[in-house]
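Peer 1: Protein chains in written order, with our numbering: chain X, -16 to 101; chain G, 28 to 138.
A portion of the hints provided could be inaccurate.
[As the list claims (entries may be wrong)] Listed next, the in silico SDA-like pairs over lysine to any residue satisfying Cα-Cα at most 20 Å (straight line):
1) G:K69 - X:T21
2) G:K69 - X:M72
3) G:K69 - X:D7
4) G:K69 - X:Q24
5) X:K(-6) - G:G68
6) G:K49 - X:Q24
7) X:K40 - G:A123
8) X:K(-6) - X:A71
9) G:K69 - X:I9
10) G:K64 - X:E27
11) X:K40 - G:N125
12) G:K69 - X:F91
[Said to hold, decoys possible] Stretch by stretch, here's where chain G covers chain X in the computed footprint (C-beta under 8 Å, at least three residues):
13) 16 to 28
14) 33 to 39
15) 92 to 100
Simulated from the structure, these hints should not be mistaken for laboratory data.
Given the structure is predicted, the values throughout are model-derived calculations rather than measurements.
Ideal placement from N, C-alpha and C gives every residue a C-beta, glycine not left out.
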Amino acid sequence: DTGVSQDPRHKITKRGQNVTFRCDPISEHNRLYWYRQTLGQGPEFLTYFQNEAQLEKSRLLSDRFSAERPKGSFSTLEIQRTEQGDSAMYLCASSFGTGGRYSAGELFFGEGSRLTVL
Amino acid sequence: GENVEQHPSTLSVQEGDSAVIKCTYSDSASNYFPWYKQELGKRPQLIIDIRSNVGEKKDQRIAVTLNKTAKHFSLHITETQPEDSAVYFCAALTGANNLFFGTGTRLTVIP
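Sequences are here, hints too, so could you generate the full structure?
Peer 2: Here it is, written out as structure tokens:
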């Protein structure tokens, strides 16, 4: 296992089109996170899965965004009717946690999927 | 959700000097505080972390301190080297196991 992988690495699309990004986490990790990062900013939380359950969604995530993790393994992030403001790097990260108070594990990030909306 | 504030946004130091980056958080239930280094065009990578049952942790030239009462934590880099130049992010993991990031500090080490 070589770590978290994301596909595609780059996506250029026209405004109004739909795009989908895929994330394959480290195989034994039960937690998966999606973040959005724009130039000069920190990663902004979008959503988080524990196994196949989507536990939290950011207010940043409008109705045009949807994420799934159908079998608790890979995840997809879909953006419908893209807007220029959606242009950003979309980062996926995974970790393993047992649920205990001091059990949080390191988040490992993928290389990201860079979206450019023209 | 959690609100993590980080400062300074930019920091320049001479090679060999120390660098300190400070963060505050709002959620008293947060219990895990990692620091990530991100080089240009690359993914964030963990450099050190601290849990809320510990006040200080050190790993070679890097140390992190945590003050739970004041809800702030700091990164200390000693004997800085040019390869330490990067953007550094602090983060806080909430009781719901969600990780929120600060806005980043661009560190420049001047040879």
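Peer 1: Next step is simple, just say for each hint if it's right about the structure.
Peer 2: Here's how the hints hold up against the structure:
A threshold of 20 Å between alpha carbons decides the hint, and for K69 of chain G with T21 of chain X the separation of about 13 Å falls inside it, so the pair holds. In summary, the hint linking K69 of chain G to M72 of chain X is supported, as the alpha carbons are separated by about 11 Å, within the 20 Å threshold. With a C-alpha separation of about 18 Å, the suggested pairing of K69 of chain G with D7 of chain X holds against the 20 Å cut-off. Straight-line distance between C-alpha atoms of K69 of chain G and Q24 of chain X comes to about 14 Å, which keeps the hinted pair within the 20 Å bound.
As the CA atoms of K(-6) of chain X and G68 of chain G are separated by approximately 16 Å, the hinted pair is consistent with the 20 Å bound. Among the hinted pairs, K49 of chain G with Q24 of chain X is consistent with the structure: their alpha-carbon atoms are about 16 Å apart, no more than 20 Å. For the given pair, K40 of chain X sits about 12 Å from A123 of chain G by alpha-carbon distance, which is consistent with the 20 Å threshold. Distance restraint check for K(-6) of chain X and A71 of chain X: the Cα-Cα separation of roughly 10 Å lies within the 20 Å cut-off, and the hinted pair is therefore satisfied.
Distance check on the hinted pair: K69 of chain G and I9 of chain X sit about 18 Å apart at the alpha-carbon level, within 20 Å; holds. A distance of roughly 16 Å separates the Cα atoms of K64 of chain G and E27 of chain X; the hinted pair therefore holds under the 20 Å criterion. Distance restraint check for K40 of chain X and N125 of chain G: the Cα-Cα separation of roughly 10 Å lies within the 20 Å cut-off, and the hinted pair is therefore satisfied. Simply put, K69 of chain G and F91 of chain X have alpha-carbon atoms about 13 Å apart, close enough for the 20 Å limit, and the pair holds.
Check on the segment 16 to 28 of chain X: 8 of its residues sit with their Cβ under 8 Å from a Cβ of chain G, so the three-residue criterion for coverage holds. Counting residues of the segment 33 to 39 of chain X whose beta carbon lies closer than 8 Å to any beta carbon of chain G gives 3, which meets the minimum of three for the stated coverage. Chain G is given as covering the segment 92 to 100 of chain X, and this holds because 4 residues of the stretch bring a CB closer than 8 Å to a CB of that chain, at least three being needed.
When each numbered hint is compared with the structure, no violation occurs for any of them.
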